[in-house]
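Given only the sequences and the hints, what does the whole structure look like? Please build it.
One-letter residues, chain by chain:
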Amino acid sequence: MSIFHISINGKVRRVDAEPETPMLWVLRDELDLPGARFGCGAGLCGACTIHVDGAPLRACITPLNAIGASKVTTIEGLGDTRLGRILQEAWLAEDVAQCGYCQSGQLMSAASLLAATPAPSDEDIDQAMSGNICRCGAYPRIRKAIHRAANALRGKS
Amino acid sequence: MSGLAVGGGLYVAAATPTKAQAQAVLNAFVRIKPDGSVGLTLARAEMGQGVSTSLTMILAEELDVPLSRVSIEQAPSDIARYGAQATGGSTSVASSYEALRKVGAAAREMLVAEAAARWGVAPDTCETRDGLVRHPASGRGLTYGDLAEGAAQRPPPPSPALKTPDQFRIIGKPTTRLDGRARVDGSVRYGIDAAPPGVRIALAAYSPKFGGKVERVDEREALKVAGVSKVLRLDDSVVVIARNTFAALKGREALKITWTEPEHPIDTKAVFAALEAATRTPGATAAQTSGVEAALAGGGLYEAVYHQPFLAHAPMEPMNCVAQVRADLCEIWTGTQVMGAAQKAVATALSLPLDKVVIHNRPLGGAFGRRLEPDAILACVEVARQVDHPVKMIWTREDDIRRDRFRPAYVDRLEARLDADGRPLAWRHRIAGSSIIARLYPQAFKGVDADAVECAQNPIYRLRERQVEFNRVETPGLTTSWWRGVGALRSTFVLESFIDELAVKAGQDPAAFRRGLIDDPRLAGVLDRVLALMNWSTPLPAGRGRGLAIQHAFKSYGAMIVEVSVGQGRIKVDKVGCAVDCGLAINPRGVEAQVQGGALFGLSAALTGEITFAEGAIEQSNFDSYPVMRMNEAPSIAVALIDSQAAPGGLGELPTILAAPALANAVAAATGRRLRRLPLEAQL
Ligand code: FES
Ligand code: FES
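Chains as they are written, first to last, in my numbering: chain A, 1 to 157; chain B, 1 to 684.
Please note that a few of the clues may not be correct.
Stated by the list, open to error - In silico DSS-like pairs for lysine-lysine, Cα to Cα no more than 25 angstroms straight-line:
no., chain 1, residue 1, chain 2, residue 2
1, A, K144, B, K575
2, A, K71, A, K11
3, A, K144, B, K572
4, B, K33, B, K163
5, B, K163, B, K209
6, B, K269, B, K213
7, A, K144, B, K173
8, B, K173, B, K209
9, B, K173, B, K555
Stated by the list, open to error - Derived coverage of chain B by chain A (criterion: at least 3 residues anywhere in the stretch with Cβ under 8 angstroms from a Cβ of chain A; other residues may be distant):
no., stretch
10, 180 to 192
11, 238 to 248
12, 292 to 300
13, 394 to 406
14, 622 to 631
Bear in mind the hints are in silico, worked out from the structure with no lab data behind them. A quick note: this is a predicted structure, and the numbers were derived from the prediction, not measured. Every residue gets a Cβ at the ideal spot worked out from N, C-alpha and C, and that includes glycine.
In structure tokens, the structure reads:
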């Protein structure tokens, strides 16, 4: 076991864990941040997506000792930014979620997409979002919500 | 306390709250608090279908309170009070609609009676709106909160007056999900998130071959992993218990286990050979018309045989359960579709009285029928009883797929003879497959699985003479189970494929052919609607095609058209249109989401879904080998909802059952090739 200090959602948190522990289990088991979900454990579904210095990473295959001084954001911290809040409101307005289990990851991937590409095309959305599985089939509404959020970001309603 | 059944398993308790009780319990399901807010106890599992929103809307309508004043409280496991608490078969809204309206209307009348008595006026001179009882003539008003305690002392009216549809202010209005917020900020807590103090993580290792048992275990290396506290040897598994998930994963990897060879190594080819053979011999009769034998004997039969694979459920939240077992109490945190049955099964397993098993049901991260089985709960309880702390048993995705209780594999054989105008004169349908009903309700099973023959027994089409048979074929060692539609799903794939083949044989347009064989105006309604929605009669370029499927199931009607492009061994679904008549749609927005999700779930399975066994080993394990539909493959889905005042029907499964046949018919239209075996991409 080793002690790490990592920045999560704007706070420095102390973690005592095996260095190679995947961030997913650090968040869920040690830090009481269960919003990142376990879906496949193998980088295949995106349910565990977090931001590390803004980049969307799969927490289930990102070890604790790879974080270093990077800034980690989880779904619990998404609403701290304007972009995050706009996305959440778009998600609510389009009634995206069904069971909701995949939605933490969907929102985190969408946030990275819009941060890099404020006016994404459908192809951009396909590219950025195809690593996130939704078994409830919310895809059509995820797409609409991303477009809605993109419009809101640019000040259009 | 006395109780009075209002119907549908609901109990209105004529409760007499003590003064100490700040809240007036009007009945087991509805609670009006002194501040006027309303608690609705939900005895249904919320698994993404939006049932909490629909049921809240129904109650708020009759009670005359704003939606925002109603909050959902998940019912504790309590069979006596809430009934079996099962959520499946697309029944939640349909079966709750009348009952919940009556509860709301009864509560409203009790509140009005209380207000009228206080004012000394006739109840029918009072009116209600937005959580207030008013007496317009005198301008007086009281809130429901003011009246609740007094109203609870009044006898519930035996037949409260319900609103007429023209009075609806909430039902039928597109409404945003009420429980959406927690699903966008990460705060919703599923079963897998439960963490009672002192909880440890348990992971089980299973034989790579289905049915293998533990012969020898060497757990020394596993116990050396930091954080691993215990290794338990069970009959079919070895369980590692650890302080956290990562330690449990590493501990499980470090186990050295020798497994026995399974008694019956399952092999997919052998399974299908047995099923196909069974369709060559008569089965138990599900339906038979008097002249069918003579009609079939005439020869000239057109025959088609269809294969459908084992399917996993793969809900996004893998199976899991948290349990703590003490000498006199077992507490469980999980998401289940069958709280009542699970409570019973656990009580039996632990020899505890029913009321000493408490289940905290959490929102479900998807279920699709998987969480109708209590196996994960029982597996966790089996471990938890052997330790003195709470245990969270997690199934990794690989476990979730390999330990699934699969949708059965089936083979169907259909034969028909058409008259000169293409009308079916004689029809024989033989179904071969596992019987879930026979496993769960052996007393009820008399040779025909009533669920498996759903839609096939009495097809929607006018068939002059027909014979429908069921041949039960079990795969030794395998437990099969429900899925998103089981009998109706299987039936609709074969019936709607076969009818399409017959249309081609008769040289008729598949839509016109169907139209000529149906009588039900609601079915004709959805058919006509979807044809218009998808411009059925406009031609498509080469390599593209449209396919149609229609069905009446779960008390609803649906018609779907799928448009595809086929090339390079891939099927691309370009767009989908679906018309549904589910009676009165409580929440049209929820209906649209359900239809889209249900269609995509069905398309995903029809394209690539398949569990296969080779020498006893399951060949799939995660989303790489069991691919599911992703964003880049998902078509747009237009939904047309028929305006109807008929009683609400089910909707969670209807679009799913239409997807595979509409897709197969589209591929046939695009390529001229009829694919009779699912999944389709494997057949290209
Ligand atoms: S849980 Fe990390 S990608 Fe699936
Ligand atoms: S909303 Fe259920 S998995 Fe996406």
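Do the hints match the structure? See the list:
| no. | hint | in the structure |
| --- | --- | --- |
| 1 | A:K144 - B:K575 | holds, 16 angstroms |
| 2 | A:K71 - A:K11 | holds, 9 angstroms |
| 3 | A:K144 - B:K572 | holds, 21 angstroms |
| 4 | B:K33 - B:K163 | holds, 24 angstroms |
| 5 | B:K163 - B:K209 | violated, 59 angstroms |
| 6 | B:K269 - B:K213 | holds, 24 angstroms |
| 7 | A:K144 - B:K173 | holds, 21 angstroms |
| 8 | B:K173 - B:K209 | violated, 52 angstroms |
| 9 | B:K173 - B:K555 | holds, 21 angstroms |
| 10 | 180 to 192 | holds (count 12) |
| 11 | 238 to 248 | holds (count 4) |
| 12 | 292 to 300 | violated (count 0) |
| 13 | 394 to 406 | holds (count 3) |
| 14 | 622 to 631 | holds (count 7) |
Hints 5, 8 and 12 from the list above are not met by this structure, while the remaining hints are.
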